[in-house]
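**Student:** Read off the chains here:
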Amino acid sequence: MMITDKITAPLSQLSQSKGWKGLACAGLLTVGAVLAGCSANSSQPMSQNALPNGMQGNGHEYLLTVTRPNQLHVIDTETNKLLRSCDIPGSFGNGSIAISPDGRTAFVLSNKMEDVYGIDITNCETTFSALQSYDNVQVKTFISMAISPDGKELYTIQNPVRKLRDRFETMAPRLAAFNIADGLNAKPIRTFPVDRRITKIATQQNGEVILGGGDIKAINPKTGETRLITALQNWERAPDKWVPPDAFAMHTMGEHIGEFVMPYFTIRWNGEPGDESKADFLWGHVRIDLKTGAVENFETVPFEFIVFNWVTDPKDKDVMYGSFNQLSKHNLKTGETLNVLGMDHTYYNLNMTTDGKKLYVGGAGNNISIHDPDTLAKLGSIPLVGDMSTADLRLAVLK
Amino acid sequence: MKKKNNMTRALLSTGALAFMGMATSSAQAASGESIIKDRCLICHTETGDAAAPFSRISQQRKTPEGWLMTISRMQQQRGLVISPDEKRELVKYLADKQGLAPSETENLRYVLEKEPNVVESFEPLLQETCVRCHSGARIALQRRTEDEWKWLVHFHMGQQPTAELHAGARDRAWFDIALNQVAPYLGQKFNFDTDAWQQWQAQAKQPLSGRWAVHGFLPEKGNFDATMQVTMQSKDHYQISLEGNYADGSPLAGQGKAVVYTGYEWRGTVTVGGVQMRQVFAASADGQSLVGRMYPNEDDVMGGQIKAVKKTAITAITPSYIKQGEQALLTVSGYQLNGKVNLGSGLKLLEVVSKNDNRWVLKVQASPKASVGTRHIKIGNTSASEPLAVYDQLARVEITPNDSIARVGGGGGKIPKQKSVYRAVGYAAGADGKVGTLDDLRLGYMTANWSLKPFDETAVHDNDIQYAGQIDARGIFTPGDAGPNPARKMSTNNVGNLGVVGTVQEDGKSISGESHLLVTVQKFVRAVIE
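Here the protein sequences line up with chains A and B, keeping their order.
Just so you know, the first sequence maps onto residues 0 to 398 in numbering that gives the first Met the number 0.
Just so you know, the second sequence maps onto residues 0 to 529 in numbering that gives the first Met the number 0.
Worth flagging that the hints you see were computed from the coordinates, not collected in a lab.
Check before you lean on any hint, since a few could be wrong.
A few chain A positions that, by computed beta-carbon distances, are all more than 12 Å from chain B [to be verified]:
no.	residue
1	113
2	124
3	151
4	169
5	221
6	226
7	271
8	318
9	379
A few chain A residues that face chain B, going by a derived Cβ cut-off under 8 Å, partial list only [as the list claims (entries may be wrong)]:
no.	residue
10	167
11	290
12	344
Heads up, the beta-carbon is just placed ideally off N, CA and C, and yes, glycines get one too.
Same shape as in the complex, but just chain A (with noise of 0.2 Å):
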């Protein structure tokens, strides 16, 4: 199969991409070098009431992203302005972003995705930090941070390499919990194997732990007690009628209405396997909603561009949009492509309001797109100073 999809600048990294299998996990590579040191910031002293510089608390909604060389971005989504940026410290991660369910704190991966730092997005301020490596260990985070529902843990999960003098070995993949009161140099307070290849992780109500890995599993952060939500790529399928899950798990979406989205792709064989003219070629959407821990698994949505992101419609649950090289969207019951729009560059990642009615693209570059998720047209650009790469585009809604 090949795609021929026309790449733009911010994904030239991606320098032998001829298609979706050679869209290597772009951004992942593409770690920034420049180092920014926190400044200072100038907040005014605050009430313990009242949130601070001009911020509005009960549910306001902020979008929230990162740039190079390692800023994070507050965005107001009423009036669509930047209200500041903060200074992350650390070189760039990849803009992992993970909100406190109060909405307060923005927990950002930083540093080549080793360190996790927790800014008061009111304020600028780092109340939290976790530098994850440590001794002869290398500790690096793939996008996986994820928030307890009481607010009070950081979980993130562990890939770490043991650097001995003369040679490297690998160790085995964990979950990590962090106390966040702990605030600076946080150090795990308890630690449980998982699988390998984990790159999103949310938290249900329940307090289980989502885990976005080859399957899609559950873990007990107390007890480490793991369960599986839904195979994908041990599913028990026939290996002549469909081809095993491709996931491109970069960023992790659905805050704004409480779910968790697992994408990926797959091929099934209608006639011989390979026989590509009798196949189709689908998107598989796993939805989990974190309140009630009910699973969807849909595979309608036919393979007819990459799409990088997907953000379901709060107004309308079968509805969903996608971002790459187009906005597009989908009806996910009945598979239908209700609207594409051709974009002016290539946008990574996509988000909504909680009230979906305004879609912001991003992403792989340094505008983020404002579109009515009715019509698809657009309404908006906000400019930022820095390339956002990688980074997530989160809503955090402010208790």
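Once you've looked at the hints, dock chain B against the given chain A.
**Tutor:** Structure of chain B alone, referenced to chain A:
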């Protein structure tokens, strides 16, 4: 992970081996073993095992480039401190002591020679697991114990932690497969201990000094014949003087140096017409021939295959075909040619137009009834190893390479354009009269007119032909400038998907062949072994 640094590093280290060819060896330099003891044992250890004295170092064998890459990584990423002289000495020592036998590099030399557009196809397990970030030849040009293959897998996980998340890895248990399937497979297939290596080590190595006749091809100037005078300076270190002519009569001359590793790995640097050229040759076991590729240091696509001989030999016949009933001038390249010309049945020598040390030009008449097939021309007792084809009619044209990549560059950026080069190969239908069958007769390289076309509908739609680049009369494709192009949809780069068409004229008929060219974005890292 720092892209920019890696690039400069890679460029520096590419230069380093080229430079090694230039530098004189200092006979006084410390021996390889004492360099290891002085420089490497801060991190590596002495095992106490005389057969494998140094941890991680003693149970691998690789090419000089392979050793250079490892030691450069020790320097740039691990903290090794070593002087340029010591580094040169150590690469030489390790390549000699723990190198590869000539047979162990067979069919894999393209990666050392930097031959562009080679399509690799290894065992699916290896191809799928490993041949993604670099060539498969980088792997197959090493010999290790199974344990050393396993440590290599661990190295990858620390060096490139996202390796298991790329397309082609994230849909399987990549690390487990690499460690528990690929490493044991490599331990068998590319084992440390081999008969080939034992035999090669035992064999006496021939000095390569003397006078060589060189036949070669360079895309910009075409075929050339030259004499290469090689003088030994010290063991394995030579001085080179190259002098000859291109097919159009223009002169070719150059001076340089070469180092021979592992008894046969010739690495030369010569300056030809102001351009630094690199020679990557393999010497035959008898020391009488050198085969490989010569290319500009800074533009390795623009090089070509070279054959040099020290004994009496015919190295090439150009053109390598003659048509029934026609007259042609044939250039016979070789060394110390002397005696009567024997062309074979149906061919008549009309005249020896010229002859010198390297080259005879013959005027030849083919009889209209000359049987279709190959002849091996003889001069005196020397036969040509490559055939001359006698044919009835040109039936088809193939373009090499069949699939190719060029890369945009320049446009204010630091990375130059990566061109691509095409040649047309003619075929006659052969005895069965049917085109495209196994008995088609290969005629060799033919002169063609070159053009481009969109490869598919998307390329038509995106007007790739206007932006992606141009091809000249010699079959050299030059891609467009790097950087976003505002004139294009989505301001995309000047990338494109093209067909390269080469058309050969014969008797007023045009016969074309076609190949695929993907014009893509720059490559930021230039590795010693891709």
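**Student:** Against this structure, judge whether each hint is valid.
**Tutor:** Right, here's what the structure says about each hint:
A beta-carbon of chain B is positioned within 12 Å of the beta-carbon of residue 113 (chain A); the least distance is around 10 Å. At roughly 29 Å, the least C-beta separation between residue 124 (chain A) and chain B is larger than 12 Å, which holds for a residue marked as non-interface. Even its closest Cβ contact with chain B, about 29 Å, leaves residue 151 (chain A) beyond 12 Å, as expected for a residue assigned away from the interface. Not every CB of chain B is more than 12 Å from the CB of residue 169 (chain A) (nearest about 4 Å), against its label as outside the interface.
Once the 12 Å rule is applied to beta carbons, residue 221 (chain A) is consistent with being away from chain B; the minimum gap is 28 Å. Every CB of chain B lies more than 12 Å from the CB of residue 226 (chain A), the least distance being 20 Å, so the non-interface label holds. No Cβ of chain B comes within 12 Å of the Cβ of residue 271 (chain A); the nearest lies about 19 Å off, and the non-interface call holds. With 12 Å as the threshold on Cβ separation, the claim that residue 318 (chain A) sits away from chain B holds: the shortest Cβ distance comes to roughly 25 Å.
Remark: the non-interface label on residue 379 (chain A) is consistent with the geometry, its nearest Cβ contact in chain B lying 19 Å away (cut-off 12 Å). This hint holds: residue 167 (chain A) has a C-beta 4 Å from the nearest C-beta of chain B, less than the 8 Å allowed. A distance limit of 8 Å between C-beta atoms decides the matter here; for residue 290 (chain A) the minimum to chain B is near 29 Å, and the interface restraint is violated. This hint holds: residue 344 (chain A) has a C-beta 6 Å from the nearest C-beta of chain B, less than the 8 Å allowed.
Violation of the numbered hints given earlier is confined to hints 1, 4 and 11; the remaining hints are satisfied by the structure.
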